[in-house]
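Starting from the structure of chain A, add chain B where the hints point.
Note that the protein sequences, when read in sequence, are chains A and B. Residue numbers for the first sequence follow our numbering, beginning at 1 and rising by one. Residue numbers for the second sequence follow our numbering, beginning at 1001 and rising by one.
Because the hints were derived from the structure by calculation, they are not lab data. Hints are supplied without guarantee of correctness; some may be wrong.
[Unchecked claim] To give an idea of the interface, some chain A residues facing chain B are shown, with a C-beta separation under 8 Å as derived from the structure: (1) Lys54; (2) Ile176; (3) Arg186; (4) Lys378; (5) Val382.
[To be verified] Covered, in the sense of this in silico footprint (three residues per stretch, anywhere, with C-beta under 8 Å from a C-beta of chain B), are these stretches of chain A: (6) 147-160; (7) 187-194; (8) 227-233; (9) 241-251; (10) 267-281; (11) 364-372.
Model, not experiment: these values are computed from the prediction. Just so you know, even glycine gets a beta-carbon here, dropped at the ideal spot from N, CA and C.
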Amino acid sequence: MSLEKAIRLVEGEVSNDSIREPSPGYVVDGLTPKVVFYPRDVNELSIMMKNINKEGLKVIPMVNRSKLFLGNVPKGYDVALDLGRVHRVIEPDLEEMVGVFGVSASLMDVRRELSRLNRRLPIDPPLSSRSSIGGVFSCNLFGPLAYTFMSTRDITLRVRAVMPDGTIVRWGTGMIKDVAGYNIKRLFIGSCGSLGIIYEVMTRIAAIPEVISVARLNGELDLLIMRRLKPVGAVVINGTTYLRFEGVKEEVEYRLGKLSEVSRSDVFYGGEADDLWYRLTSMDELFDNYTTVLKVITPQYVLGDALKGVRADYVVKMPMLGEAYLGFGRPLNLDFINSLRTRVSELGGYVIIMKAPLDVKRNIDVWGLQQNLDIMAKLKSVFDPGNTMCYGRFVGGI
Amino acid sequence: MGLSKAIIEKLISIVGESNIITDDVELLVYEADGSFVYTAKPDVVVFPRSTEEVARVVRVAWENRVPIVGRGSGTSLSGGALPIEGGIVISLARMNRVLELDLENETATVEAGVINLWVSDALAKLNYQYPIDLGYYFPADPGSQRVSTIGGNISHNAGGVKCFKYGVTVNNVRGLKVVLPNGEVRSFGGKVVESPGYDVVGIISGSEGTMAIVTEATLRIVSNYESVKTILAAFNSVEDAGLAVSRIISAGIRPVALEFMDRIAVNAIEAGPWGGGLPTDAEAILLIDVEGSEPGANSEANRMIEILKSSGAYMVKLAKDRAEANRWWGARKQAFGAMGFVGPNYITGDGTIPRKKLPEALRRIREVGNKYGFRIANVFHAGDGNLHPLILYDERKPGERERALQAEDEILRMCVEIGGTITGEHGVGYHKKHLIGLLYTDYELNVMKKVKSVFDPLGIMNPGKIFPQ
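In isolation and in its complexed conformation, chain B is listed as follows:
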């Protein structure tokens, strides 16, 4: 697209010379995001340090009809942070302050550029001040939490291993401060659990930066329990693991986390430096957390173990201490990154299916893998049905990337066919917008577009995402 010198100078006057990138080489960093499938170069990247600076930048874009793309850490797996039509990338990376930790009202207020894990880290540091308390943490914990930002989590309505019990990001956001595409600053919600009127916090969450730029968020924080028990179970078949999941949930146990991995995923993790001692001979493993008082958590864990064994688990281990549990969870959370040990490239699929369809879904994913000649590892948030098929390919081989995308496409269509959806937490972005018609009619999509135009009548906010042109 190209921006005029006048616009660049205006942006410099707002954010300062050291907070803007215009050099072609430096801009290369911002032409990709976590999807690594597509690239798109912005015209300029700015690093505002306050909501006021964001608002002034956005106003410039509005007045000149320049596209805007908000960016946190750029870990989007759906091309959400790619400036498909060029324009200004507004990086929130330097708006990274934890503004307030309010334990009395169980909220944390942070700038959008705060890394997800920093919220819980900041809360953990408070423990010594309140020895009678169990301490607090932020429960929305996507696998990317060490690098992804709160703003990014909100825009993609990120999930995490704890979402079966604590919900996804939108369930843990109480209030937002945003900059609308015309440069106005607005606040919605606050520290209260509900506000009268329509749920604007809810509609902006998960909108993938297509309605407004989130600059601050007030988050729900939850209290720890006295005890957490972590259980690792190994199965000779995926069907047995799936059965175990259903029986656990039917029994009334509310696990905090309930994760599934298949053999390829486990072996990839154990092949690298993040191995946690997961069983590499299992066809499927489950990693489960329960929490409560010490006697309560013990009892739940014991019941869990009984169910796992009676469902066909050939190995069930209770973590002997938090260190062992953290090793297991640390390994699980490196699952995506570990794919680098088994293949040069991979696509991270993200569909959700009814839990009971897991065996069928995995069988059909294997068939897709065989059809296209790819190995596909599977990580599954068993509690909520969110499936991540990791399609391993080699982009150096001509045509492999395109075939890998076709394989992913087929898998996502299958997810919809068996009653699920095309994205559980990574978003539609650029990558999957051609599939959204599988879920919604033209009428419904038109309503969604009109909702977008309430906030963004000029269509400058992260254009080219979610909806097919």
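Pulled out of the complex, with its shape left as it was, chain A reads as follows:
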């Protein structure tokens, strides 16, 4: 394994500014890479990966670096692969209702561009205010709208990627219905960079509806009543409920009318409602201000049981999905996390440590997955037999 050899091989084939010295922004869990590769395009990316892989180096890909805290402490980190200028593409097809988006396109830019064309990407993941397409799709992040529009993985129709050995591949054909071969794109989405580097996704997009409204309620609603109101998404932030209704005018009026029968609310409309929704679901305040963030995933009806007695400082719930993000300002000990994990597991769910201090992360697997780790490891080895990609960061330390 030779970093110097890899750099020599790469620098002969890429532009002068594609290799950089690492700066503090590239530190991951206390580890500083030895070099930053900053490819100009997919071709340079492929060349870099070929040589990184050949020399047995360990790489972590990133774009906006807004989620570097997500994942186990790396077992190795030689190269930071900064994809910030690779394939910044935003290409909607208005008639087909699909869009092609490059890894370094920001979600905010995508939202803005599509909005001008009366279209949208129907996902509202956490940290959308500062995320790239690459970050969101590689980690399958999604928000409350997934209840109606399905998850980030579900709306993905095609993935173009660079494999760890540098080969450029395509998974999926871009058709909504396509069962030719295996659904490899579904493995890539949510793999958190552990199988290869996604450089482009093709996804479904949606039209912007005639009316968008967000109703704010003081307090929480019973889940069954909430569902019956048929919002397209629901989020509860520190006890305040926000329900999103959209569609033709008559539909929204009807739904808001039904809401008024069960609760008082303040209602926002149009762009103001949309902006409010994305601010809330971006959860910036949670991730900026709390040192530990846990994600609790359960069957919807037992989310309340899972959170009973848990004194979090900041709570974001997506009750119709059965998910909650909990922020803690105080240090958490492992006993607490393990005990919560046991309780949630008995309810059929998981607790993922999204963000935590290094002394916690060094002593626990952040993903909490106990079963089928052998299959996960074997799948990883198909794509990345040399453990080049995000070594040790994914489930079971793979």
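Same frame as chain A, now just chain B:
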């Protein structure tokens, strides 16, 4: 291939004498599936009644390197249920229990042999218990839903008319219990919307039984709306119908279902006992559902009607009640079967194309039909671009079956040429494996094979499918 007496006796000891077929004549039933194009006889068919029995059967196969083919109702249209290399067909038909309906968590857990429609039927029966609820159903509704099994739907990632809004089968599966080729039982996912790790539920769905045998599934169920409006529109040209589809979707309306049929398909249906009063003089028809509150669905339906008329529809009807709507949909869902009224045999094509290429695709399909001398009816899931050209032929005439297959081949190549794929929902199976190279490079196909070998290192699980040898 032939199985030894010892193996047969072992299988009998697992499933019981009344749950195994070894007789040559009885095995004939299992040498074909819904494709009716190829046949392949198994050595034995077993009917396990539990995951444990499936696991023990699979273990026997593993230890003796005997091929295994999982089978639901055998409605595969791509030869997916054919035991090309002989071996053991494991029929899940007797594992047909709905295990749990969990409305609180919006899931239904069923055995793999449950017929697709039974899930919604079971949910509909619950309505009286929850009068304030609108009730639930399972949204993945392929045309075969009255006969195909959940296991079969999962293995082929079946679609259906509602998939534009609700997705295909994989989007509606939360968890799976499977038997791996070595006989191990594993569970993936559950009632939660996501699990950490790789999406194994997603990779097994659509794998056409080549990785594992699905024995149980936890499905997403969705709530009904207060109102569903069904609209039927007739056009003098395919181009006008295609334009209408684009304009509907661009307008921000999210129809639940959006189906297209051409004149031949409509006339075939109306010629038989399942006719629903569809217009037989139309070059193309669209059948559309929208849902919502009563005022909301009304408004969407009215907007839809405006768009259809302004796109050239010469007739637009709103179903006056659910009975009329069900007649129309019932007719649509019998489209394939209705081909029997216009021709003795047919091949069901299954490609997906970009929606805007529909007029071009239909023109080229007509050209293929003319070239080979076949009538070809077309049914199109307009919302998602999935096209079913139904190639009518007569197998009694020497060479017609082979020419019909060539015609299908040409159509599928055309689908790829214009930006689509060779199969939208019926799978590659045995039938189309020679075409998969049009979509993926050797490198990509090798990766897929390696993924298969993670689950099936000995290659005994439904061999001879998907990948050319």
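**Prompt:** Which hints from the list above does the structure break, by number from lowest to highest?
**Reply:** Numbers 1, 10, in rising order.
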